[in-house]
Structure formats: structure tokens, C-alpha cells
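J.: Sequence:
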Amino acid sequence: MENNDSTVKTDFIREIIREDINSGRFSSGIMTRFPPEPNGYLHIGHAKSICLNFGIAAEFGGKCNLRFDDTNPTKEEQEYVDSIKEDVRWLGFDWEEREYYASDYFDQLYQYARKLIDKGKAFVCDLTADQIRDFRGTLTQPGKGSPYRNRSVDENLALFERMRQGEYPDGFRTLRAKIDMASPNLNLRDPVMYRILHASHHRTGEKWCIYPMYDWAHGQSDSIEGITHSICTLEFEDHRPLYDWFITELGIHHPRQIEFARLALTYTVMSKRKLLELVKRKIVSGWDDPRMPTISGLRRRGFTPESIRLFAERIGVAKRDSMVEISVLEDCIRELLNKQAPRVMAVLRPLKVVLVNYPDEKTEEFETDNNPEDLSMGKRLVPFSKLLYIEREDFSENPPKGYFRLTPTNEVRLKHAYFIRLKEVVRDGSGEIVELHCTYDPDTHGGEAKDGRKVKGTIHWVSAAHSVDAEVRLYDHLFSKEDPEDDSDGRDFFGSVNPDSMITLKECKLEKSMGQAAKGSRFQFLRHGYFLVDPVDSKPERPVFDRIVSLKDAWKKK
RNA sequence: UGGGGUGUCGUCAAGCGGUAAGACACAAGCCUUUGGAGCUUGCAUUCCCAGGUUCGAAUCCUGGCACCCCAGCCA
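The working numbering runs 387 ahead of the 1-based position in the first sequence.
Please keep in mind that the hints were generated in silico from the structure rather than gathered at the bench.
Heads up, some of the hints might be wrong.
With a straight-line cut-off of 25 Å between C-alpha atoms, the simulated SDA-like cross-links for lysine to any residue are [claimed, not checked]:
no., residue 1, residue 2
1, Lys661, Ser875
2, Lys565, Met657
3, Lys749, His853
4, Lys899, Glu752
5, Lys506, Lys450
6, Lys508, Lys450
7, Lys450, Lys565
8, Lys472, Gly673
9, Lys739, Gly902
10, Lys773, Thr845
11, Lys506, Asp541
12, Lys508, Ser415
13, Lys450, Ser415
14, Lys706, Lys739
15, Lys396, Ser714
16, Lys893, His864
17, Lys506, Leu637
Work the whole structure out from these sequences, hints included.
T.: Below is the structure:
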């Protein structure tokens with residue numbers, strides 16, 4: 388990824404790296420890595436990490452690897468590695484040929500483990516999982532050493548080999564590091580390095596029945612890859628002493644680990660477990676549901692890679708726990724699309740308008756800029772006729788104060804076209820308004836009055852004869868609470884799913900050209916927001932649009 | 001009550017002993033053929049609290065307080 392940002396970023400991680408470069412701490416160039424576990428789809432929190440790791444590598448002339456931490460075959464799947472690769476690439480980053488897997492290092496890790504056994508720093512333990520927990524002690528009390536802690540090197544080597552050969556059932560024995568059962572840091576109380584798991588691995592198949600724990604695999608994987616800066620989240624801060632211990636005992640390359648706070652966003656959840664739950668319970672249509680905070684969901688919603696990168700830049704990186712307001716993300720995509728998206732008129736909740744004094748068969752066309760923010764995007768002609776649709780919300784019989792759209796007394800401008808005035812409200816038997824009869828003023832052609840009179844409101848419209856029917860999906864926050872994980876009000880996060888997070892409008896009237904709009908392209912529907920031509924469901928005869936984000940609305944706020 | 005972290009505007013976040021950046025949000029006004037966009041202005045006399053050092057402290061020291069993480073053969 389090219390770094391075309393002229394301002395130098397000064398977050399604490401980059402500061403540390405600058406110091407390391409200046410002090411010559413690492414002789415070769417900067418190496419980072421993005422190390423996901425392929426057990427779910429990537430979300431916007433991962434995007435923060437991806438932008439950080441790949442961004443730093445690019446800024447400092449280094450490289451960033453993509454490495455899958457695939458040490459638990461019971462949870463990992465090829466589907467996830469495929470989605471992760473797609474998402475990282477879509478975000479605009481390139482790991483070139485450096486696609487690695489912790490499982491690439493299983494043989495090396497096995498040899499490293501033998502080395503620790505040789506040094507008397509690791510042992511095979513026969514305790515059950517429950518017993519290990521009991522022996523571990525508590526936060527305030529030291530643990531007790533395993534009775535198997537002092538087996539001989541030869542016995543350990545033999546037993547470890549037999550574990551590998553598959554002689555024992557799942558969980559029968561473990562390999563543990565021999566460190567300090569009295570350490571105040573629980574991670575140092577003889578942590579498990581290997582467990583027996585007779586499970587097929589998505590890459591190594593049946594080759595192994597013992598699998599390294601993350602804590603045993605991660606640091607060594609970074610070391611093997613020559614990573615200089617292992618950037619990870621806060622919860623690994625007190626694992627660092629353990630990683631340091633392994634590396635030191637092994638005498639291998641020592642990366643510098645730096646921890647930062649993971650991302651939390653209002654009105655959504657970020658844990659993979661909860662996201663999976665939403666998918667399983669069919670509360671959303673899948674990992675890529677447009678309301679999901681996953682990269683694939685945001686993509687499906689219509690966010691651009693650029694908008695996600697801009698977001699990552701704006702929120703910064705630090706160590707304090709934080710919750711970023713979703714409005715920051717929304718503003719990023721708005722800011723970008725304001726400059727990029729062609730404008731078009733779309734009536735979402737149509738109300739028929741007949742211009743009683745307009746000639747029956749007449750049609751005329753008005754010229755308009757495709758994007759007033761970027762005139763190079765050209766102009767187009769919008770057809771106009773006697774029978775139109777306007778937004779139901781743009782007419783009010785008993786308007787609240789400050790309302791300056793169409794009312795029995797307010798004259799309004801049909802954007803680009805004419806001023807109109809209400810003549811008659813037509814209702815059906817039940818009293819429901821079915822259409823409006825209005826008059827237009829021929830002396831306001833183009834939307835400008837010859838006598839210079841002004842009008843407060845300008846509304847959008849679509850000529851009935853020149854429209855295309857469309858389906859429009861209005862998306863909103865998935866949850867109705869800022870922090871859905873906060874259940875102090877008695878509602879758990881399933882209970883706070885926003886029932887209006889997706890509203891489907893099936894009788895929308897759009898400018899006819901929208902029937903030909905390319906799937907995946909983005910438009911601004913005037914006065915509504917930014918919309919994506921649905922990449923899956925849209926068809927020329929029946930276009931489908933997804934709302935990416937609404938426009939700011941100073942009136943609705945009142 | 002063990003260990004590891006963190007506390008600066010409503011929300012993020014700069015600040016690194018010389019007198020509180022920026023962004024989002026919010027508010028007011030201007031402008032407007034999108035109540036959009038744009039523009040202008042306002043928005044922490046104060047940095048968790050209390051002491052101390054210093055000519056000078058958000059920054060250094062001491063002591064509190066609050067919040068987050070850790071007792072998976074998950075990552």
C-alpha cells in the first residue's frame with residue numbers, strides 16, 4: 388500500500404519503532420505481521436490491526452506478513468482463511484508471497500520443545516485438566532508443582548515422542564514448561580505447551596495429534612519469521628514475560644512486542660463469539676450481512692476500502708480502553724462519497740402528484756450536474772411530465788412549525804424544474820391521501836422565478852412515466868443500545884437487537900437510468916443518503932439498493 | 001486482598017517541564033435549486049484526586065481513588 392499521507396503519524400507504537408531504528412536495535416529492516424486465527428470472519432477491529440501492521444511496514448520501508456495462527460484444528464476452517472485473504476486484499480494490502488501459517492512451523496516447534504526438555508525446562512505432565520487447574524493456585528495464592536514435574540529428561544523425551552505417535556487419547560497428557568508455580572503472573576505457572584488432540588487439521592491433515600498452544604506457538608512463529616515488532620492487543624501484555632522466557636531459553640531472535648487497545652464501537656459487538664452467535668441464530672443473514680461490523684459486511688453494505696482506512700487513521704492507536712462512536716465511521720464514508728457519488732433523484736415512499744395545468748402529453752428535460760462537488764463528473768438530463776411522484780414526507784396538511792416543504796399554503800420548488808402549489812388533496816374511501824393535485828408556474832422554468840420570488844423548500848421528484856420501480860433497503864445500527872454488551876438494564880445483547888435495523892421498501896420510484904446502474908456502484912439519492920446497487924439481488928428490471936449511510940439531516944434532528 | 005495495564009472535552013486523541021492540537025458529536029450564524037455540501041464562530045483557565053518539587057507541572061515525586069485484563073489442555 389502506497390503511503391500518500393504527508394503527515395507523519397506519531398502514535399506511541401511508531402514512536403517506539405523510530406527509537407528502535409535510531410538506536411539500531413534491529414539490524415535489518417522492520418518486519419511486522421498480521422496474525423489472525425482462521426476461526427471466523429475479520430471485523431473492523433481487525434481492520435485497525437491490519438492498517439497498523441501493514442501501514443507501519445510501508446511507512447518504514449519494511450514488510451508485513453500474513454500469518455494464520457492455526458494451532459487449534461477444532462475451530463479453524465479453510466472457509467475462514469479464504470475470507471481473511473479476500474478481506475485483507477480488499478482493504479488494499481499485499482503480503483506478496485509471504486503467506487504463512489503457524490502450522491508451517493509445527494516441526495520446528497516440536498524440535499524447540501525437545502530442546503527445552505533437554506535443558507530440563509519442560510516436562511510431560513499426567514495431570515488432568517481439572518487437576519492442573521487445582522494445582523495452579525489462585526490470583527492471591529501460589530500454585531503447587533505437578534508431581535510429574537521432576538521426571539528425567541529421557542523419560543520426558545520418550546513420553547513426548549509417544550504423545551506425538553498417537554499412543555494416548557485426547558487430554559491424556561500434556562507437555563508443560565517448567566517455570567515457576569509461585570509466580571504472581573499466572574502465565575508463568577508451568578503453562579501447557581502441547582495438548583493431545585486427535586483432530587484433522589485444515590492444512591496438516593492427520594499428520595499431528597499433538598498441537599501447540601497459542602502461547603507456545605505465537606512468539607516462536609514471530610521469531611522464525613524475523614518479526615521485529617510484534618504488535619498485539621492489551622490482553623497479551625502479561626503473556627509477554629512468558630514469550631520472553633521461551634525465546635531466551637531457546638536463544639533465538641527476539642521480536643519486540645507492543646500492545647495496543649482493541650477497537651470497540653458503539654451500537655455493535657465485536658467479539659467473534661457473539662458475531663458467530665448472530666449468524667447461527669439467523670438474526671443476520673450471514674457473516675456478510677450489511678449490518679455486521681465484519682469487513683465482508685461493511686463491503687456488502689457499500690463501505691469502500693478507503694473509508695475503512697480513513698477510519699483507522701482517525702481513531703488513532705493508544706493503550707487506554709475506549710469505545711469509538713459509530714458516527715466517526717459514518718462520517719468517513721460520507722466524506723469520501725460526497726466527492727465520488729453521482730447524485731440521482733429517488734422517491735422512497737411515493738405520493739402521486741398531478742400537475743393539473745401542465746399539458747397532458749408534454750415531456751421536457753432539465754439539465755443537472757451529476758455531482759455539484761465535482762463538475763468533471765458531467766451533466767445529465769432529467770425528464771419531467773404531468774404525472775410525478777414526490778416523497779410522502781414532503782407534504783404535510785398540518786405542518787409543524789419550521790416545516791418548509793409542500794403544505795396547503797407553502798409553494799415549493801421541484802428541484803431543477805418548477806415551483807408548484809397545492810390545489811387539492813385527493814383521498815380514498817378511508818380518508819387516506821392518494822394523490823395531490825397541484826399547479827405549476829410556467830414562469831419558474833428550471834426552478835428560478837422570473838419575478839425573483841423565493842421559496843423555502845426544494846424537494847426531489849420523479850416523473851412517473853420515466854421511472855423505474857426499485858427495492859430499497861434501509862439499514863441502521865444492529866443494536867439499539869450504545870453498548871449492547873452492557874446488560875445492566877436486564878437486556879442481554881440479543882434483547883437489544885434493533886428491530887428497525889433493516890427496513891425494506893418495495894415500491895420506490897427512481898430515475899429510469901437507475902435500472903441500468905452497475906451492481907456495486909454507489910449513488911447519492913438526493914436528500915436521503917448514499918446507496919449501493921446491491922451486488923447480489925439487483926436486476927435491471929428490478930434494481931435493489933442498499934443504504935450505506937444517510938445524509939446528515941438538520942431538520943429530522945429537531 | 002497477587003500480578004499486569006490505563007486514567008486529558010460527550011466520544012476518540014495529541015501533548016514528552018514553558019503555560020491544553022486535531023477529529024467526530026454538539027450549539028449558533030452565514031450560504032444554499034440537496035433542511036446535503038461548504039464557510040464562520042463557540043465548545044477542557046484545566047488534564048482522576050490530594051499533597052510535594054520547581055520561577056513554571058497534564059508532563060517530575062509521594063500517597064490515594066477509579067476502571068480494564070489474567071486462575072482454557074481457546075486465541
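J.: Each hint should be assessed against the structure and marked as holding or not.
T.: Against the structure, the hints:
Pair hint Lys661 plus Ser875 holds up; C-alpha atoms about 18 Å apart against a cutoff of 25 Å. Proposed proximity of Lys565 and Met657 is contradicted: the alpha carbons are some 36 Å apart, above 25 Å. Taking the CA atoms of Lys749 and His853, the gap is about 12 Å. The hint holds against a cut of 25 Å. A threshold of 25 Å between alpha carbons decides the hint, and for Lys899 with Glu752 the separation of about 13 Å falls inside it, so the pair holds.
With a C-alpha separation of about 34 Å, the suggested pair Lys506 and Lys450 falls outside the 25 Å cut-off, and the hint is violated. Only pairs whose Cα atoms come within 25 Å are accepted, and Lys508 paired with Lys450 is rejected, the gap being roughly 34 Å. Between Lys450 and Lys565, the direct Cα distance comes to roughly 35 Å. Violation of the 25 Å bound is thereby established for this hinted pair. Restraint check for Lys472 and Gly673: the C-alpha separation of about 18 Å stays at or below 25 Å, so the hint holds.
The straight-line distance between the Cα atoms of Lys739 and Gly902 is roughly 21 Å, inside the 25 Å bound, and the hint therefore holds. A threshold of 25 Å between alpha carbons decides the hint, and for Lys773 with Thr845 the separation of about 18 Å falls inside it, so the pair holds. Note on Lys506 and Asp541: the hinted pairing holds, with a Cα-Cα distance of about 11 Å set against a maximum of 25 Å. The suggested pairing of Lys508 with Ser415 is violated, with an alpha-carbon distance near 31 Å, which exceeds 25 Å.
Of the supplied pair hints, the one linking Lys450 and Ser415 holds, its CA atoms being roughly 11 Å apart against a limit of 25 Å. For the proposed pair Lys706 and Lys739, the alpha carbon gap of about 56 Å is over 25 Å, so the pair is violated. Of the supplied pair hints, the one linking Lys396 and Ser714 holds, its CA atoms being roughly 23 Å apart against a limit of 25 Å. About 21 Å separates the Cα atoms of Lys893 and His864, which keeps this hinted pair within 25 Å; it holds.
Between Lys506 and Leu637 the CA atoms are separated by roughly 10 Å; this keeps the pair inside 25 Å, and the hint holds.
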